[in-house]
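**Student:** Read top to bottom, the protein sequences are chains A and B.
Position one of the first sequence corresponds to residue 8 (this note's numbering), numbered consecutively onward.
Position one of the second sequence corresponds to residue 8 (this note's numbering), numbered consecutively onward.
Just so you know, the hints here were simulated from the structure itself, not pulled from any lab data.
One should not assume that every hint holds.
Heads up, the list lumps identical chains together, so a pair's fine if it works in one copy or across two of them.
Think about it this way: if two alpha-carbon atoms lie no more than 35 Å apart in a straight line, the pair counts; the simulated DSBU-like pairs of lysine-lysine are [what the hints assert, rightly or not]:
hint, residue 1, residue 2
1, Lys286, Lys221
2, Lys135, Lys387
3, Lys345, Lys221
4, Lys398, Lys42
5, Lys387, Lys30
6, Lys240, Lys352
7, Lys30, Lys345
8, Lys345, Lys42
Please read all numbers here as calculations on a predicted model, not as lab measurements.
Protein chains: 2
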Amino acid sequence: MFCLPEKKAGKFLYAAIYEELKKQIESGAFPAGTKLPSQRTLGTKLGVSVNTVRTAYTQLELEGFVEVRPKSGFYVCNMESLQKIGSQRGNPMLTPLEKQCDQNPEEAKNNFVPANVAIDFAPAAIAKEKFPSTQWYRCLRSCLEDPRALERTPPQGDLGLRQILADYLYTERGVECTPQQVILGAGTDSLLEILSYILPNQWALAMENPVYTKAYRLFSRMGHRVVPIQVDKQGVMTEPLEGLDQLLVYTTPSHQYPLGTSMPVGRRIQLLNWAGRGKFRFIVEDDYDSEFRYDAKPVPSLQSIDQNERVIYLTSFSRSVAPALRLSVMVLPDSILKIYHETYKDFVCRVSTLEQLTLGEFIRRGFFESHLNRMRTYYKNKCKRLLQGLKPLRDTVDLVGELAGQHLTLQVRNGMTEEQLWSSALDVGVRVYPVSPFFMTDFPESSMVLLGFGGLKDEEIDEGTKRLVMAWHK
Amino acid sequence: MFCLPEKKAGKFLYAAIYEELKKQIESGAFPAGTKLPSQRTLGTKLGVSVNTVRTAYTQLELEGFVEVRPKSGFYVCNMESLQKIGSQRGNPMLTPLEKQCDQNPEEAKNNFVPANVAIDFAPAAIAKEKFPSTQWYRCLRSCLEDPRALERTPPQGDLGLRQILADYLYTERGVECTPQQVILGAGTDSLLEILSYILPNQWALAMENPVYTKAYRLFSRMGHRVVPIQVDKQGVMTEPLEGLDQLLVYTTPSHQYPLGTSMPVGRRIQLLNWAGRGKFRFIVEDDYDSEFRYDAKPVPSLQSIDQNERVIYLTSFSRSVAPALRLSVMVLPDSILKIYHETYKDFVCRVSTLEQLTLGEFIRRGFFESHLNRMRTYYKNKCKRLLQGLKPLRDTVDLVGELAGQHLTLQVRNGMTEEQLWSSALDVGVRVYPVSPFFMTDFPESSMVLLGFGGLKDEEIDEGTKRLVMAWHK
Numbered sequence: 008m009f010c011l012p013e014k015k016a017g018k019f020l021y022a023a024i025y026e027e028l029k030k031q032i033e034s035g036a037f038p039a040g041t042k043l044p045s046q047r048t049l050g051t052k053l054g055v056s057v058n059t060v061r062t063a064y065t066q067l068e069l070e071g072f073v074e075v076r077p078k079s080g081f082y083v084c085n086m087e088s089l090q091k092i093g094s095q096r097g098n099p100m101l102t103p104l105e106k107q108c109d110q111n112p113e114e115a116k117n118n119f120v121p122a123n124v125a126i127d128f129a130p131a132a133i134a135k136e137k138f139p140s141t142q143w144y145r146c147l148r149s150c151l152e153d154p155r156a157l158e159r160t161p162p163q164g165d166l167g168l169r170q171i172l173a174d175y176l177y178t179e180r181g182v183e184c185t186p187q188q189v190i191l192g193a194g195t196d197s198l199l200e201i202l203s204y205i206l207p208n209q210w211a212l213a214m215e216n217p218v219y220t221k222a223y224r225l226f227s228r229m230g231h232r233v234v235p236i237q238v239d240k241q242g243v244m245t246e247p248l249e250g251l252d253q254l255l256v257y258t259t260p261s262h263q264y265p266l267g268t269s270m271p272v273g274r275r276i277q278l279l280n281w282a283g284r285g286k287f288r289f290i291v292e293d294d295y296d297s298e299f300r301y302d303a304k305p306v307p308s309l310q311s312i313d314q315n316e317r318v319i320y321l322t323s324f325s326r327s328v329a330p331a332l333r334l335s336v337m338v339l340p341d342s343i344l345k346i347y348h349e350t351y352k353d354f355v356c357r358v359s360t361l362e363q364l365t366l367g368e369f370i371r372r373g374f375f376e377s378h379l380n381r382m383r384t385y386y387k388n389k390c391k392r393l394l395q396g397l398k399p400l401r402d403t404v405d406l407v408g409e410l411a412g413q414h415l416t417l418q419v420r421n422g423m424t425e426e427q428l429w430s431s432a433l434d435v436g437v438r439v440y441p442v443s444p445f446f447m448t449d450f451p452e453s454s455m456v457l458l459g460f461g462g463l464k465d466e467e468i469d470e471g472t473k474r475l476v477m478a479w480h481k
Numbered sequence: 008m009f010c011l012p013e014k015k016a017g018k019f020l021y022a023a024i025y026e027e028l029k030k031q032i033e034s035g036a037f038p039a040g041t042k043l044p045s046q047r048t049l050g051t052k053l054g055v056s057v058n059t060v061r062t063a064y065t066q067l068e069l070e071g072f073v074e075v076r077p078k079s080g081f082y083v084c085n086m087e088s089l090q091k092i093g094s095q096r097g098n099p100m101l102t103p104l105e106k107q108c109d110q111n112p113e114e115a116k117n118n119f120v121p122a123n124v125a126i127d128f129a130p131a132a133i134a135k136e137k138f139p140s141t142q143w144y145r146c147l148r149s150c151l152e153d154p155r156a157l158e159r160t161p162p163q164g165d166l167g168l169r170q171i172l173a174d175y176l177y178t179e180r181g182v183e184c185t186p187q188q189v190i191l192g193a194g195t196d197s198l199l200e201i202l203s204y205i206l207p208n209q210w211a212l213a214m215e216n217p218v219y220t221k222a223y224r225l226f227s228r229m230g231h232r233v234v235p236i237q238v239d240k241q242g243v244m245t246e247p248l249e250g251l252d253q254l255l256v257y258t259t260p261s262h263q264y265p266l267g268t269s270m271p272v273g274r275r276i277q278l279l280n281w282a283g284r285g286k287f288r289f290i291v292e293d294d295y296d297s298e299f300r301y302d303a304k305p306v307p308s309l310q311s312i313d314q315n316e317r318v319i320y321l322t323s324f325s326r327s328v329a330p331a332l333r334l335s336v337m338v339l340p341d342s343i344l345k346i347y348h349e350t351y352k353d354f355v356c357r358v359s360t361l362e363q364l365t366l367g368e369f370i371r372r373g374f375f376e377s378h379l380n381r382m383r384t385y386y387k388n389k390c391k392r393l394l395q396g397l398k399p400l401r402d403t404v405d406l407v408g409e410l411a412g413q414h415l416t417l418q419v420r421n422g423m424t425e426e427q428l429w430s431s432a433l434d435v436g437v438r439v440y441p442v443s444p445f446f447m448t449d450f451p452e453s454s455m456v457l458l459g460f461g462g463l464k465d466e467e468i469d470e471g472t473k474r475l476v477m478a479w480h481k
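In isolation and in its complexed conformation, chain A is listed as follows:
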């Protein structure tokens, strides 16, 4: 059947077995329906205990690669039927497809993607192999000598890093703040958790529809009423907000998630004016991929043109540094900062001290800036290539959001439904992502899909678009 790679043998036996089996299943070497050897047989063959094999099998079962058939044994799952199982037992608000979009693309790949997907246009994927790990580790090593590396930072994060970030945000995004306004969190979700924790329950949250679904779930779980607000071509609409107070508007103006639209300055000013007209009106500006804009004049951030201290600014380093870096940044206006200090400040900062110090060095030595410059060109070229490949479809496809980030949205007018679009793509081994799972209400009439290009090689983009043209061409 298979042998344990020798070097792994002494280490995590069960993990090695798990990984090997997963590889066999993913590669198609063990197709759906294959019966795995009994735990005892495999244990004896590999010279490990039955318990070790059981742990590996259980993990595979949990992740949906294999299933138990009572009184018979473990069998490789049919991955298509897995999706349906997922949606039955999962959170009713999340379809399996939404989970894929929402998730770390790695996990999505491992857990849900049918074995026959050759090219995955996962929207959150980035080119991890381009990360300058040598420079990063050089910074990290120099921080090991810092005695602070083994200490906790203050609850908001290391003051030195917060100063560096305040400077960086000012230079890059015009965000004006002192380091005292900066709060570091272990990822954007973690910061949204803090925000939903500290704000009074009677404050409602207006969310763009469609939206980053985890933000929606976090706030509603914390007891905040969530009001969906429609998005037009300029972004979140302001008319529905009139008359509402004690309200936070969550928005992704740089690159609407998932639609990809960028909010023009006019709409930004409307939104800021709305906020300025009430005492308890705030805007959460999630600037999640603003480092990657490919047009000449990026629109200024809401925070930078705000006159009334009504913007809570959020950004993350997951896309610009590495997905492993659990470090996001929130800038609070003074009135919200006051609430934070009263209710949350004595909780411990969640971010690794060493990684805080390392990021500070990485920015201070200029490595971050050169990395960003390189990656802007890199992603711009990937995006161009994707657009080039889609050209044969130009009569039936409208593009949105192609000037930023690592994904774009296609509105396809060839008569196919959204489901037909992604399922016909799947038939030719290409995964694209439906947009409707991101809607809380008012599902779109047009057929839209998301395509990410950040994690794909040139050849994959070429081959993927060729297949899409085939599948969708009428």
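Assemble the complex: chain A is given as a structure, and chain B must be docked to it using the hints.
**Tutor:** Here is chain B on its own, set in the frame of chain A:
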């Protein structure tokens, strides 16, 4: 006035100014009432911008070292009056003293401790300088070669580490679990956040009274009803629980926080039997300092003797490794794990990948075990020394919790109130911690204070106890 240390000059100018001023204030070189130079004057003198000085002053103000007097300038605060300011503007549930106990002792030291405290028996302090950082960094360096170090782990944490932890918990605490039941979080608060998030709102939480107050706040903020349950000498009482269902009992049986009592086996079995008699009764066992027990036969963990899968087990590496390590562990029974998978699994793991891998190596190579063995002896000796120093008070003092962890509780029967105890200690430059802020209700009639010994040198313990004997001797 003062000069910037030369090596810092190029780095974080404002942080250097802030640190220098703080040092001058803490050392007493700038006593209360001293007027700081104007921002412009200091800026010119140091050759930095007014903004840089302003940032430093604002941070000092925020932390309560200085105050603004309108139309006059910044003045060094009187630290005694600072406490009152803190309690007025803070969360009404938290007294400044409670904040100190609750907080990272470093921050407590920096933010609240009056300048005249010579010896601080902070309950959460540990001997950080004893941490084997050479071995830790050796493990860390070897993990840098692991390509996984730049990748996200699965939401529950790295599978290899979870296997190591499952083995470790079994060996050390008899906790029986598979790695699939293990969830890693960025500190215990972060795991309690997950728990309070995933459990249905109608489930109430029964908490020991007194209690770890952050757990109380997290659960009640998430909308769970919190029921205080009295603690007797054996720990949380089970009679008040009878008849209650859809209930989670949060408890610290190894070393009740803050009282220090250890729950005997009889009470443990009562508690487990209570849980077994209802379908929705669970126990959260927070085993926060169980690595440090100094008696011969530690009581088994609740999880290890549970027959009905009713225990949610929590432990942390903040005390046993380093406070900077944001890594805690939760073991879920299958029924709660199912809820977790349905509602939370797609959130990203908050713990640094590199630190996960490093901890795995640190345990695997045996460094953790030898560190623990060394530290058990170390803390045991500190504790002995503290008890020795308190001997002259033996007729009026009862001790609780001296066989575990890094703190103990004194019940003092010399006629002084709790406030008289800690304030008379403060008069002789010694900080001890009142117990009553940890109570939600039914404040104790007896006078109790907490003394931590983990972070103190032998001479400090000797001097501190000498002063306490002086202050409390009747």
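**Student:** Taking 35 Å as the upper bound on the Cα-Cα distance, should lysine 240 and lysine 352 be classified as within, between, both, or neither?
**Tutor:** Only across copies: lysine 240 and lysine 352 sit 33 Å apart there, 39 Å inside one copy, limit 35 Å.
**Student:** With identical chains treated as interchangeable, where does the CA-CA distance between lysine 387 and lysine 30 reach 35 Å or less: within a copy, between copies, both, or neither?
**Tutor:** Intra 33 Å, inter 50 Å, cutoff 35 Å: intra-copy only.
**Student:** Cα distance capped at 35 Å. Does lysine 286 pair with lysine 221 within a copy, between copies, both, or neither?
**Tutor:** both (27 Å within a copy, 30 Å between copies)
**Student:** Which holds for lysine 345 with lysine 221 at a C-alpha limit of 35 Å: within a copy, between copies, both or neither?
**Tutor:** For lysine 345 and lysine 221, both the intra-copy (26 Å) and inter-copy (19 Å) Cα distances are at most 35 Å.
**Student:** Using 35 Å as the alpha carbon limit, work out where lysine 345 and lysine 42 are close: within a copy, between copies, both or neither.
**Tutor:** between (60 Å within a copy, 26 Å between copies)
**Student:** Using 35 Å as the alpha-carbon threshold, which applies to lysine 398 and lysine 42: within, between, both, or neither?
**Tutor:** neither (45 Å within a copy, 70 Å between copies)
**Student:** From the Cα coordinates, with 35 Å as the cut-off, is the pair lysine 30 and lysine 345 best called within, between, both, or neither?
**Tutor:** between (51 Å within a copy, 26 Å between copies)
**Student:** Go through the copies and call it for lysine 135 and lysine 387: within, between, both or neither, with a Cα cutoff of 35 Å.
**Tutor:** within (16 Å within a copy, 48 Å between copies)
Hint compliance for this structure: hint 4 is the single one not met.
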